[in-house]
Amino acid sequence: MEFVSSLLVFLSLIENFLRLLIIFTLLNLSIKDIKFVLSFVIVTFIILFFRGFAVTPLSLFFLSFFVYVGILIKAYKKKVIISAITTGLVLMFYTLLESTLVPLQLLLYNVDLAVVIKSTLLRILFFLPQVLAMLITFFIIKKYGISFENYYNIIDDEEIAVMSDEEVDLTQEKRVSSTIFLASVFLIIQGLFIVTSNWSERLFAFFTGNSFFTSSLFINIMVIFLTLVLLYLLRYLVQTLVIQRNEIIKRVQEKNAQRLSWELRMQYHDYNHHLGMINMMLAMNQVDQAKRYLKGVVDELESVEEIVRSGNEALNALLYSKIARGNKREVPVEILLENPVCPMKVTDWDLNRIIGNLLDNAIEALEDIANDKSVKLTIKGGSDYNLFNVKTFGIVIDDEKEARIFERGFTSKGEEGHGLGLAICKQLVDRYDGKIYINKDEDKNYTAFVVLLPALG
Numbered sequence: 150m151e152f153v154s155s156l157l158v159f160l161s162l163i164e165n166f167l168r169l170l171i172i173f174t175l176l177n178l179s180i181k182d183i184k185f186v187l188s189f190v191i192v193t194f195i196i197l198f199f200r201g202f203a204v205t206p207l208s209l210f211f212l213s214f215f216v217y218v219g220i221l222i223k224a225y226k227k228k229v230i231i232s233a234i235t236t237g238l239v240l241m242f243y244t245l246l247e248s249t250l251v252p253l254q255l256l257l258y259n260v261d262l263a264v265v266i267k268s269t270l271l272r273i274l275f276f277l278p279q280v281l282a283m284l285i286t287f288f289i290i291k292k293y294g295i296s297f298e299n300y301y302n303i304i305d306d307e308e309i310a311v312m313s314d315e316e317v318d319l320t321q322e323k324r325v326s327s328t329i330f331l332a333s334v335f336l337i338i339q340g341l342f343i344v345t346s347n348w349s350e351r352l353f354a355f356f357t358g359n360s361f362f363t364s365s366l367f368i369n370i371m372v373i374f375l376t377l378v379l380l381y382l383l384r385y386l387v388q389t390l391v392i393q394r395n396e397i398i399k400r401v402q403e404k405n406a407q408r409l410s411w412e413l414r415m416q417y418h419d420y421n422h423h424l425g426m427i428n429m430m431l432a433m434n435q436v437d438q439a440k441r442y443l444k445g446v447v448d449e450l451e452s453v454e455e456i457v458r459s460g461n462e463a464l465n466a467l468l469y470s471k472i473a474r475g476n477k478r479e480v481p482v483e484i485l486l487e488n489p490v491c492p493m494k495v496t497d498w499d500l501n502r503i504i505g506n507l508l509d510n511a512i513e514a515l516e517d518i519a520n521d522k523s524v525k526l527t528i529k530g531g532s533d534y535n536l537f538n539v540k541t542f543g544i545v546i547d548d549e550k551e552a553r554i555f556e557r558g559f560t561s562k563g564e565e566g567h568g569l570g571l572a573i574c575k576q577l578v579d580r581y582d583g584k585i586y587i588n589k590d591e592d593k594n595y596t597a598f599v600v601l602l603p604a605l606g
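Residue numbers (the numbering used here): 150 to 606.
Keep in mind that a hint or two might mislead.
Unchecked claim - Calculated pairs, DSBU-like style, for lysine-lysine (alpha carbon to alpha carbon, straight line, at most 30 Å):
| hint | residue 1 | residue 2 |
| --- | --- | --- |
| 1 | Lys181 | Lys494 |
| 2 | Lys292 | Lys550 |
| 3 | Lys550 | Lys444 |
| 4 | Lys529 | Lys550 |
| 5 | Lys228 | Lys292 |
| 6 | Lys529 | Lys589 |
| 7 | Lys593 | Lys440 |
| 8 | Lys477 | Lys575 |
| 9 | Lys399 | Lys228 |
| 10 | Lys575 | Lys399 |
| 11 | Lys399 | Lys529 |
| 12 | Lys593 | Lys226 |
| 13 | Lys575 | Lys228 |
| 14 | Lys494 | Lys589 |
| 15 | Lys550 | Lys226 |
| 16 | Lys399 | Lys444 |
| 17 | Lys584 | Lys184 |
| 18 | Lys184 | Lys267 |
| 19 | Lys227 | Lys292 |
| 20 | Lys575 | Lys525 |
| 21 | Lys477 | Lys525 |
| 22 | Lys550 | Lys228 |
| 23 | Lys477 | Lys550 |
| 24 | Lys593 | Lys477 |
| 25 | Lys494 | Lys184 |
| 26 | Lys522 | Lys184 |
| 27 | Lys399 | Lys292 |
| 28 | Lys184 | Lys292 |
| 29 | Lys226 | Lys292 |
| 30 | Lys522 | Lys444 |
| 31 | Lys522 | Lys575 |
| 32 | Lys181 | Lys575 |
| 33 | Lys440 | Lys525 |
| 34 | Lys291 | Lys494 |
| 35 | Lys584 | Lys494 |
| 36 | Lys184 | Lys228 |
| 37 | Lys494 | Lys292 |
| 38 | Lys550 | Lys184 |
| 39 | Lys593 | Lys529 |
For the record, the hints were derived by calculation from the structure and aren't laboratory data.
All chains, full assembly: derive it from the sequences and hints.
So, in structure tokens, the structure goes:
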């Protein structure tokens, strides 16, 4: 049984904070909310509790692994596979640092491990390089935007389908990308496991032989070198997958742009026909009928003009496709542009995922409602924030659903729903430091999702 001293508590707090910090960063999770603090406290408490018993370091490793993964699945609704892979890699990386830096420092300071364990100052001194290495790793991840979740979802049928209302066959690309990703991660785990095992097995068996090339030090250096080469190859694979995804996105966007262009040509082609109809009605003295007909034509043309003036070509194509989708499902979709959108740090791809998911959710929610239903998207560009307000007239969600609406896997559509759309919106908005919230009015019978995305200053 290990005595849980105040020093051990202090070191465990820092250790778990750093590990969680990197795990959350790799999974695009916010570290500024209360759930991160609760996760940090729970993990530290559980690990310290079990350290009070006679447990081996390997047992603590697996205990930490299952606690981390459990929190990611239960509290953040993350997928099991991506939670397990990310947690496993971070824990192995930390073990590698510890099992590498400790022996090196013992050699450097020429001191025994038993002396270090008994000295508070030495334990802190030996712990500092691990802290520094983890912080450097964190800043590298933040600087280069490394995200395991993004790599795993590099090609996602459902998210790419948001860009187009027609079926896009991405099964083969999805299978290839997922296979490459999982194979690459497996190779990393294998490499880190070999490195960790070598250092752990020979923790204090330092080089004493006559030949450097048969020493454990040389073997470990070679394994680390090969692991770094493997990491470089993984980076190349990820870049290839990103290019593949961007090509698919470009194809979908070009198709939507062609559709928008065709629809616009059709609108103006019909213009002469509409004028002829109005002229005929007036000739027959059907003034009221001509007024109603003219109002319908004007409203239709204004809707197209609103889209064209949005200031974002990718968004234009998406909006027109969603209007067409609403018409097919007998759900009117209205676009109101108060100001064109200002440049944002959010990519066109992610912007369309956010707005597309919100509009799809609104259209699907109104499909089974008979009368007095419509969807209204208000766009208001601003110097600080661009506002997107999706109002669903005809339905008001209750407080219970509102509290869980952004949870991954939660759906109000029964078994047919996948429960991913709004969770994806929330995740993307948070990634770009934006805001998303709900407004509802029972008297006017609508529910609105309001999104604020920061404009480039």
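Hint by hint, here is what the structure shows:
no., hint, verdict
1, Lys181 / Lys494, "21 Å, holds"
2, Lys292 / Lys550, "37 Å, violated"
3, Lys550 / Lys444, "39 Å, violated"
4, Lys529 / Lys550, "28 Å, holds"
5, Lys228 / Lys292, "25 Å, holds"
6, Lys529 / Lys589, "19 Å, holds"
7, Lys593 / Lys440, "28 Å, holds"
8, Lys477 / Lys575, "28 Å, holds"
9, Lys399 / Lys228, "28 Å, holds"
10, Lys575 / Lys399, "24 Å, holds"
11, Lys399 / Lys529, "26 Å, holds"
12, Lys593 / Lys226, "34 Å, violated"
13, Lys575 / Lys228, "16 Å, holds"
14, Lys494 / Lys589, "29 Å, holds"
15, Lys550 / Lys226, "16 Å, holds"
16, Lys399 / Lys444, "37 Å, violated"
17, Lys584 / Lys184, "18 Å, holds"
18, Lys184 / Lys267, "36 Å, violated"
19, Lys227 / Lys292, "23 Å, holds"
20, Lys575 / Lys525, "20 Å, holds"
21, Lys477 / Lys525, "16 Å, holds"
22, Lys550 / Lys228, "22 Å, holds"
23, Lys477 / Lys550, "27 Å, holds"
24, Lys593 / Lys477, "25 Å, holds"
25, Lys494 / Lys184, "27 Å, holds"
26, Lys522 / Lys184, "37 Å, violated"
27, Lys399 / Lys292, "26 Å, holds"
28, Lys184 / Lys292, "24 Å, holds"
29, Lys226 / Lys292, "26 Å, holds"
30, Lys522 / Lys444, "20 Å, holds"
31, Lys522 / Lys575, "25 Å, holds"
32, Lys181 / Lys575, "15 Å, holds"
33, Lys440 / Lys525, "24 Å, holds"
34, Lys291 / Lys494, "16 Å, holds"
35, Lys584 / Lys494, "14 Å, holds"
36, Lys184 / Lys228, "18 Å, holds"
37, Lys494 / Lys292, "15 Å, holds"
38, Lys550 / Lys184, "20 Å, holds"
39, Lys593 / Lys529, "22 Å, holds"
When held up to the earlier numbered hints, the structure conflicts with 2, 3, 12, 16, 18, 26 and fits the remainder.
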